[in-house]
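Participant: Single-letter residue listing:
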Amino acid sequence: MELDEFRASLDGWLDEHHHELAPDRAGGATLDQQMAHLSAVKRLAYDAGWMRWGWPERVGGLGGSTLLRAYLGEALTARDLVEPGIYSMTEVLAPTMIDYAAPELAATMVPRLLRGDETWCQGFSEPGTGSNLASLSCRATRTDDGWQVTGQKVWTSLAQFAQRCVLLTRTGTPESAHRGITALFVDMDAPGITVRPIGSMHGLPEFCEVFFDDVPVPFDRTLGEEGQGWSVAMDLLPYERSTALWHRAAYLHRRLQDLLDTMPDGALDAAVLGEATQVLYAFRARSRATQHRLAAGERLGAETSIDKVLVATAEQAVYDLAADGLAAGVAIGDDPASERWRTGYLYSRAATIYGGSAEIQRNIIARRLLDLGSDR
Amino acid sequence: MIAGEDLVLFERSLRHATERSTGPTLDAALADLGWGEALADDPRAAVSTLFALQGAAHVTSSALDHVVLDVLGREGGVVLPALGRWSPPGRFDGDRLTVHGLGGAGLADHRTALVVARAGDEEVEVTVPVAALSLRTVRGVDPDLGLVEVSADGVVVAEAPKPLTAWTSAVALGRIALGHQLVGASRTMLELAREHSLERIQFDRPISQFQAVRHRLADTLVAIEMAEAVLDAAWIDGAPQTAAMAKALAGRGARTASRHCQQVLAGIGFTTAHPLHRHVRRVLVLDQLFGSARSLTTELGDDLLAGRQLPPLLPL
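As they're listed, the protein sequences go chains A and B. Okay, so the first sequence: first residue is 0 according to numbering that gives the first Met the number 0, each after it adds one. Okay, so the second sequence: first residue is 0 according to numbering that gives the first Met the number 0, each after it adds one.
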């Protein structure tokens with residue numbers, strides 16, 4: 000299927016099924032409501048075929064360019080049918096399974112994620128391991144029956160909803176750094192796993208602590224080879240900085256338009272509005288080019304750190320604008336629309352922190368794109 | 000369309016020309032290379048390649064005049080908008096023409112020049128003898144750019160002015176060209192600062208190892224890539240509003256590059272022995288041509304506040 004045909008048919012389907020797809024709310028929603036709605040939308044889109052385009056046939060997809068699924072996410076977020084953060088987890092985790100899981104495992108599991116039957120989470124960060132991912136210490140030990148995992152993860156998005164986790168573990172010596180890391184695909188109902196949601200500034204308990212206490216994981220749940228976990232993580236990050244960002248770009252465009260539609264006269268300074276619009280447009284133009292490189296089969300790498308810097312810059316610019324343009328609502332409004340703006344504003348403060356902080360992105364740009372060598 | 004190997008060859012010839020010549024010599028080289036035909040044939044390849052190289056090599060040519068004239072379907076000399084402005088440089092009051100604009104170094108060599116002017120609510124074009132215009136050679140912050148300030152105060156024009164509709168398109172393409180030139184200059188400034196940071200030893204190590212330095216250079220690259228992305232978008236969607244955003248981002252990006260690279264180059268970059276100052280000077284003027292980052296950004300904001308409608312999504 001070609002993109003133009005896909006776009007036209009999908010747009011028609013979305014118009015026709017708007018009432019089934021639109022969230023049943025005027026403004027904010029709890030995370031439980033958002034997740035239930037997300038599953039419903041994914042199910043409808045999967046059964047109608049849309050959710051399967053752009054994914055390989057061997058994992059239940061219908062094939063075709065990755066641009067098709069980029070457009071699906073754009074359409075769903077631009078129409079405000081799903082929240083981009085929870086929707087785009089699929090874009091981050093499914094490619095990892097396709098590239099690194101045993102083929103039969105990928106063929107069984109990926110359709111469940113696409114169809115909205117399951118939620119997956121990504122167990123990377125640890126209390127002592129934020130920006131320095133290679134220092135992680137959650138340990139997987141070999142036993143006769145499989146891996147045994149003990150340790151702790153933190154900032155694990157949606158772990159309380161998740162049936163599976165892509166987990167980075169230490170299998171080498173503590174000093175083995177990035178060489179001694181192994182990625183596992185873990186069932187979240189395995190014995191020994193405790194999930195504790197973290198109260199977050201923006202009011203939605205999206206992030207969790209996850210504790211692993213002698214959790215058994217079969218060997219056939221190893222993603223890639225033992226010791227290959229760093230490659231799994233490094234290959235996943237460009238996905239996190241490509242299609243997921245394209246979806247967020249469409250969402251930010253939508254929210255900025257919402258702001259223009261609702262803010263009172265005289266609330267905004269023209270120059271500040273103009274600059275935020277330019278920055279968002281630049282982010283979208285950049286992300287679009289990245290989508291086309293991905294679709295052409297190019298291997299994405301360090302240059303996606305520029306996309307990541309731009310999404311954070313654009314997101315904070317849009318919500319800084321909202322905090323000025325709808326100041327009364329954000330500060331003292333208790334209606335659903337104001338609550339939603341406030342949540343968005345507070346969440347945008349994390350845009351320069353999660354997924355590799357703004358400083359880490361600049362370090363990558365300096366080292367890999369500007370070839371400035373090591374910083375020590 | 001210039002594509003594949005032809006594009007590589009085209010780029011190489013232009014690079015050769017811009018690295019060895021400037022001003023009238025570069026104009027002659029461009030004529031030999033058939034750049035004018037390329038402009039008609041494949042504006043994107045011709046404009047993006049040449050102007051980026053011009054900016055990178057810190058050279059001048061009359062290519063901006065050609066870009067504007069090509070859109071207007073004319074040849075010869077042309078008067079460009081006044082500094083910081085994008086409205087037509089002329090104004091008719093009855094049959095009297097007042098001009099306030101800029102010209103390239105080659106303007107004085109032409110016998111006549113095209114002046115686009117406002118006549119009431121309309122835009123019109125008229126060809127006037129260059130002798131009827133008063134030309135002041137500009138020195139200013141960047142004497143090498145070779146601009147002239149053009150003025151005329153109520154001269155009577157023999158020729159009848161003709162209506163014109165393409166001014167907005169001409170301004171848009173001029174902005175894209177200047178955007179590429181600003182990006183080219185910014186990339187050179189970044190490269191100068193990058194090389195210096197790797198060679199300059201302080202506290203027993205190259206200053207490129209200091210995070211404060213690395214992040215300035217990283218931010219410079221981000222600013223450049225933002226402008227480049229929107230320049231590409233402007234070629235794809237052809238919308239004057241996208242061209243204006245691209246010019247604004249390129250101008251702001253070049254000012255950012257100036258600031259960060261000047262700081263990294265520190266003392267040596269403040270001397271005339273180092274080439275940085277020439278780029279700093281140039282981008283200060285280029286930012287102002289056809290509208291500065293500041294004025295274009297405010298204009299965009301005013302339009303958004305009035306129309307309450309964002310520029311449409313660039314289709315995937």
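Incorrect hints may have been included.
[Claimed, not checked] What follows is a list of derived Cβ distance ranges for each label pair: (1) 274(B) with 334(A): 56 to 62 Å; (2) 291(A) with 130(B): 51 to 57 Å; (3) 201(A) with 120(B): 46 to 52 Å; (4) 200(B) with 130(A): 26 to 32 Å; (5) 6(B) with 300(A): 23 to 29 Å; (6) 135(B) with 348(A): 34 to 40 Å; (7) 167(B) with 79(A): 48 to 54 Å; (8) 18(A) with 314(B): 56 to 62 Å; (9) 128(B) with 268(A): 53 to 59 Å; (10) 120(B) with 268(A): 25 to 31 Å; (11) 373(A) with 143(B): 24 to 30 Å; (12) 79(A) with 111(B): 40 to 46 Å; (13) 141(A) with 6(B): 26 to 32 Å; (14) 133(B) with 10(A): 53 to 59 Å.
[Stated by the list, open to error] Examples of chain B residues lying across from chain A (beta carbon under 10 Å, computed): (15) 131; (16) 134; (17) 136; (18) 144; (19) 196; (20) 209; (21) 224; (22) 225; (23) 232; (24) 233; (25) 237.
Since the hints were made in silico from the structure, they are not lab data. Beta carbons are placed, not taken as given, at the ideal position from N, Cα and C, and that holds for glycine.
Participant: Under the constraints set out in the numbered hints, which ones does this structure not fulfil?
Facilitator: 6, 7, 8, 9, 11, 12, 13, 15, 16, 17, 18, 25
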